[in-house]
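*Asks:* Sequence:
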Amino acid sequence: MGIGWSIHKNGGWQGQFERVHRWYGRLVHSASIGSADWEDFAFTFFQNCYYLREWVEKTSTITSSDLDLLFSQSRELQVCRDLCNGTKHLTISKPSVDANFSIAREYNPSSAHKYRLVVIADDKFDLLELANKCIQEWERFLSKHTV
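Numbering (the numbering used here), first residue to last: 6 to 152.
Hints may be right or wrong, so weigh each one.
[Stated by the list, open to error] Capping the alpha-carbon separation at 25 Å, the derived lysine-lysine pairs in BS3-like fashion look like this:
| # | residue 1 | residue 2 |
| --- | --- | --- |
| 1 | 63 | 99 |
| 2 | 63 | 93 |
| 3 | 129 | 93 |
| 4 | 138 | 93 |
| 5 | 119 | 129 |
| 6 | 149 | 138 |
| 7 | 149 | 63 |
| 8 | 149 | 99 |
| 9 | 119 | 138 |
| 10 | 138 | 63 |
| 11 | 119 | 99 |
[What the hints assert, rightly or not] Derived DEER-like restraints, expressed as beta-carbon distance ranges:
| # | residue 1 | residue 2 | range |
| --- | --- | --- | --- |
| 12 | 69 | 37 | 18 to 24 Å |
| 13 | 115 | 149 | 16 to 22 Å |
| 14 | 70 | 119 | 18 to 24 Å |
| 15 | 16 | 119 | 20 to 26 Å |
| 16 | 20 | 114 | 14 to 20 Å |
Derived from the structure by calculation, the hints contain no laboratory data. From a predicted model like this one, the values you see are computed outputs, not experimental measurements. Using N, Cα and C, we set each Cβ at its ideal position, and we do this for glycine too.
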């Protein structure tokens with residue numbers, strides 16, 4: 006039996022956005038050193054990045070229709086949604102882009118660890134670039150809709 010308050014609720018959507026930024030930092034750092042955690046941090050980043058939608062909807066004055074518009078216009082956030090749901094639930098029944106997306110290692114001789122992660126979902130995306138674009142989309146949207 007809880008008491009109704011918990012540290013994970015502190016900060017509302019802003020607290021969740023700070024978590025998204027921290028997971029992004031971990032993702033970038035693990036990629037730069039070739040850490041075995043790289044893939045885990047990628048999954049966690051995209052899950053938290055998509056969950057930001059719910060936090061914004063429930064702890065701000067931004068409407069569901071504004072969020073629907075954001076996601077309908079952003080290919081990156083649509084892929085983010087699929088990555089979130091696919092890495093959490095294994096399969097996707099209602100994909101935004103591709104229910105059968107792939108996250109793969111691609112040989113990259115210029116990298117210290119000789120590969121990069123890519124996402125294949127109707128197109129090929131560099132995983133780090135995709136993560137960065139998702140954050141940029143959120144930053145643009147939130148700066149436009151909040152004070």
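*Asks:* Each hint should be assessed against the structure and marked as holding or not.
*Replies:* To see whether the hints hold, each was checked on the structure:
1. For the hint linking residue 63 to residue 99, the alpha-carbon distance of about 22 Å falls within 25 Å, and the restraint holds.
2. Of the supplied pair hints, the one linking residue 63 and residue 93 holds, its CA atoms being roughly 21 Å apart against a limit of 25 Å.
3. For the hint linking residue 129 to residue 93, the alpha-carbon distance of about 21 Å falls within 25 Å, and the restraint holds.
4. For the given pair, residue 138 sits about 21 Å from residue 93 by alpha-carbon distance, which is consistent with the 25 Å threshold.
5. For the hint pairing residue 119 with residue 129, the CA-to-CA distance comes to about 18 Å; that is within 25 Å, so the pair holds.
6. Proposed proximity of residue 149 and residue 138 is supported: the alpha carbons are some 17 Å apart, at most 25 Å.
7. With a CA separation close to 18 Å, the supplied pair residue 149 and residue 63 stays within the 25 Å bound.
8. Between residue 149 and residue 99, the direct Cα distance comes to roughly 29 Å. Violation of the 25 Å bound is thereby established for this hinted pair.
9. With a CA separation close to 23 Å, the supplied pair residue 119 and residue 138 stays within the 25 Å bound.
10. The hinted pair formed by residue 138 and residue 63 meets the criterion: a straight-line CA distance of about 24 Å does not exceed 25 Å.
11. This hinted pair does not check out: residue 119 and residue 99 have alpha carbons roughly 35 Å apart, beyond 25 Å.
12. At about 37 Å, the CB distance of residue 69 to residue 37 disagrees with the hint of 18 to 24 Å.
13. Range check, residue 115 to residue 149: about 37 Å between beta-carbon atoms, so the 16 to 22 Å window is missed.
14. About 46 Å separates the C-beta atoms of residue 70 and residue 119, a value inconsistent with the hinted range of 18 to 24 Å.
15. Taken as a hint, the range 20 to 26 Å is violated for the pair residue 16 and residue 119, whose Cβ atoms sit roughly 39 Å apart.
16. The hint said 14 to 20 Å for the Cβ distance between residue 20 and residue 114, and at roughly 41 Å that hint is violated.
Violated hints, listed in ascending order, are 8, 11, 12, 13, 14, 15 and 16; each of the other numbered hints is respected by the structure.
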